[in-house]
Amino acid sequence: MQPYLIRDIGAIYRLSLAGWARRLPAGAGLAGHQIPYLWSVCQTPGLSQEALARSLYVDKSNVARNIGALERLGYVERRRDGNDRRGWRIWPTERAFDLLPHLVAAVRDWEDVLLNGMSSEERELAGELIADMRQNVDAVAGETEGPVDPELPGM
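For the sequence shown, position 13 matches number 371 in my numbering, and the numbering has no gaps at all.
Just so you know, the hints here were simulated from the structure itself, not pulled from any lab data. Please note: incorrect hints may appear among the correct ones.
[As the list claims (entries may be wrong)] Cross-link-like lysine to any residue pairs, in silico, SDA-like; alpha carbons within 25 Å at most:
#1 418 with 447
#2 418 with 446
#3 418 with 406
#4 418 with 401
#5 418 with 437
#6 418 with 367
#7 418 with 391
#8 418 with 441
#9 418 with 379
#10 418 with 438
[Stated by the list, open to error] Label-pair ranges, simulated between beta-carbon atoms:
#11 477 with 370: 18 to 26 Å
#12 475 with 445: 39 to 47 Å
#13 485 with 404: 27 to 35 Å
#14 403 with 492: 18 to 26 Å
#15 373 with 492: 14 to 22 Å
#16 477 with 441: 47 to 55 Å
#17 430 with 380: 16 to 24 Å
#18 438 with 483: 40 to 48 Å
#19 430 with 363: 36 to 44 Å
#20 484 with 459: 20 to 28 Å
#21 484 with 439: 36 to 44 Å
#22 422 with 486: 29 to 37 Å
#23 478 with 439: 42 to 50 Å
#24 419 with 369: 19 to 27 Å
Every residue, glycine too, gets a C-beta built ideally from N, C-alpha and C.
Could you build the full structure based on these sequences and the hints that come with them?
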């Protein structure tokens, strides 16, 4: 067993966020850590902040802070939840949808970097093993409802 598997997984994630951001058009203004938030909102317009926190495995204060930044950049807007006066729903703007094809291309390009040198069978196996690890962690962490899981098409 590799002694620092979790460290390597974390490094891959952090480097991926930075890699995605570098591949976006100049002037997009997004930091890498904001990309998963924007992606999730574009995939599930009207998502509640609470559901977004669950889907990204972050606390609500992180969601509020990052959605606020995306709102200032013109990528999302918050609207009051009709069923919960204290809650907010997040909606992508036209600017977000204009950026989405570039974001999809950046993520796919980075995935090619990540999986470089692997056969199609190895790529598929890597995805399956990571999905299995995530299910194991979800079970221990008590994710009974399961998170909202917006995924890239074809991934």
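Taking the hints in turn, this is what the structure says about them:
no. : hint                     : in the structure
1   : 418 with 447             : holds (13 Å)
2   : 418 with 446             : holds (11 Å)
3   : 418 with 406             : holds (11 Å)
4   : 418 with 401             : holds (19 Å)
5   : 418 with 437             : holds (16 Å)
6   : 418 with 367             : holds (23 Å)
7   : 418 with 391             : holds (15 Å)
8   : 418 with 441             : holds (18 Å)
9   : 418 with 379             : holds (23 Å)
10  : 418 with 438             : holds (16 Å)
11  : 477 with 370: 18 to 26 Å : holds (19 Å)
12  : 475 with 445: 39 to 47 Å : holds (46 Å)
13  : 485 with 404: 27 to 35 Å : holds (29 Å)
14  : 403 with 492: 18 to 26 Å : holds (25 Å)
15  : 373 with 492: 14 to 22 Å : holds (19 Å)
16  : 477 with 441: 47 to 55 Å : holds (49 Å)
17  : 430 with 380: 16 to 24 Å : holds (21 Å)
18  : 438 with 483: 40 to 48 Å : holds (45 Å)
19  : 430 with 363: 36 to 44 Å : holds (37 Å)
20  : 484 with 459: 20 to 28 Å : holds (26 Å)
21  : 484 with 439: 36 to 44 Å : holds (38 Å)
22  : 422 with 486: 29 to 37 Å : holds (34 Å)
23  : 478 with 439: 42 to 50 Å : holds (43 Å)
24  : 419 with 369: 19 to 27 Å : holds (25 Å)
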